[in-house]
Amino acid sequence: METAFTPIASLTGGILIGLSAVSLMLLRGRIMGATGVLAGVLLPASKYDWTWRFLLLAGMFVGPWVYLLLAGQLPTIQVPATTPLLLLGGFLVGIGVTLGSGCTSGHGVCGMARLSPRSFAATGTFMLTTGLTVYVIRHMIGA
Amino acid sequence: MRHILTFLTGILFGTGISLSGMANPAKVINFFDITGTWDPSLAFVMGGAVIVTFIGYHLVFRRQAPVFEPSFDLPQNRRLDVRLLTGSGIFGVGWGIAGFCPGGALPALGTMNADVVIFVAALIAGMLVTRALSDRAAARTDNAQPAE
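Protein chains in written order, with our numbering: chain A, 792 to 934; chain B, 64 to 211.
There's no promise every hint is true.
To be verified - Distance ranges between label pairs, derived from CB positions: (1) A:P908 x B:D136: 25 to 35 Å; (2) A:V927 x B:R141: 13 to 23 Å; (3) B:P133 x A:G915: 28 to 38 Å; (4) A:A862 x B:A202: 23 to 33 Å.
As the list claims (entries may be wrong) - To spell it out: a stretch of chain B is covered by chain A in this simulated footprint if at least three of its residues, at any positions, have a beta carbon under 8 Å from a beta carbon of chain A; those stretches are: (5) 66-76; (6) 198-205.
By construction, these hints were calculated from the structure, which means they are not laboratory data. Just so it is clear, the structure is predicted and the values come from calculations on it, not from any experiment. Backbone N, C-alpha and C define an ideal beta-carbon position, used for all residues, glycine too.
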């Protein structure tokens, strides 16, 4: 499944993601990590903790609709994986981000921007295993 | 005011994800498929986000504290351990299979796309099971070794 190269849209999107991370640090002094936000909404440490994460998550849900206003359509979502693989992948992501204390946003963006050695190690590791997994699925199994 | 601004921060993130292509598994998987249908777009997402965050954090950290909290709450652990690397490795395998990462999927959940709902349900299951098992392992260790 080919996708178009979109450097301008992707760079602009990346800049907005960065601005939101900076905004959260400025306002609440917290790392913008999707894993932490979701975990904090599901298993809150306190009501106070739950509230700001819930507001952040609710705002995220609105994002695609703002995109609709700007671009005239909802963001494209093309899923090459079958439903069983989507379930397997989702479950593994859930295990991995819980053990690894973060994902692409927390480690890959915020942690690397803080020059955290843990985040560099985490990001290097998952980029490598993602690449290997895609290679095995696409070129060895041939799905 | 702090609630409204937190909500707007979430909108900014969700709009950025939507624009970037991170919510599109085909695009994510193509980024990693260098020997196949390679689409380098996501390097621009990562590059833009990291550079803006790096500069922005430097400016924010000139302050004594965030605007609405008494202090910054930052991870202090700098130790590399097996748990971090194993977890990140497993995350990558799941990301490569599904094409969604949590940051890409959560904003996409706002569209109620069925595939995203399925992915997020499995993601939550994986998170809860892992948390429950590691809580139990921690409790067992506490029982075996009385607190000092």
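The hints, checked one at a time:
1. A:P908 x B:D136: 25 to 35 Å: Once the Cβ atoms are compared, 19 Å apart, the range 25 to 35 Å for D136 (chain B) and P908 (chain A) is violated.
2. A:V927 x B:R141: 13 to 23 Å: 33 Å Cβ-Cβ, so the 13 to 23 Å window is violated.
3. B:P133 x A:G915: 28 to 38 Å: The hint (28 to 38 Å, Cβ to Cβ) holds, given that P133 (chain B) and G915 (chain A) are roughly 34 Å apart.
4. A:A862 x B:A202: 23 to 33 Å: Violated: the Cβ-Cβ distance is about 50 Å, outside 23 to 33 Å.
5. 66-76: holds (count 10)
6. 198-205: With 0 residues closer than 8 Å to chain A, the region 198-205 of chain B misses the three-residue bar; violated.
This entry does not satisfy hints 1, 2, 4, 6, going by the numbered hints stated previously.
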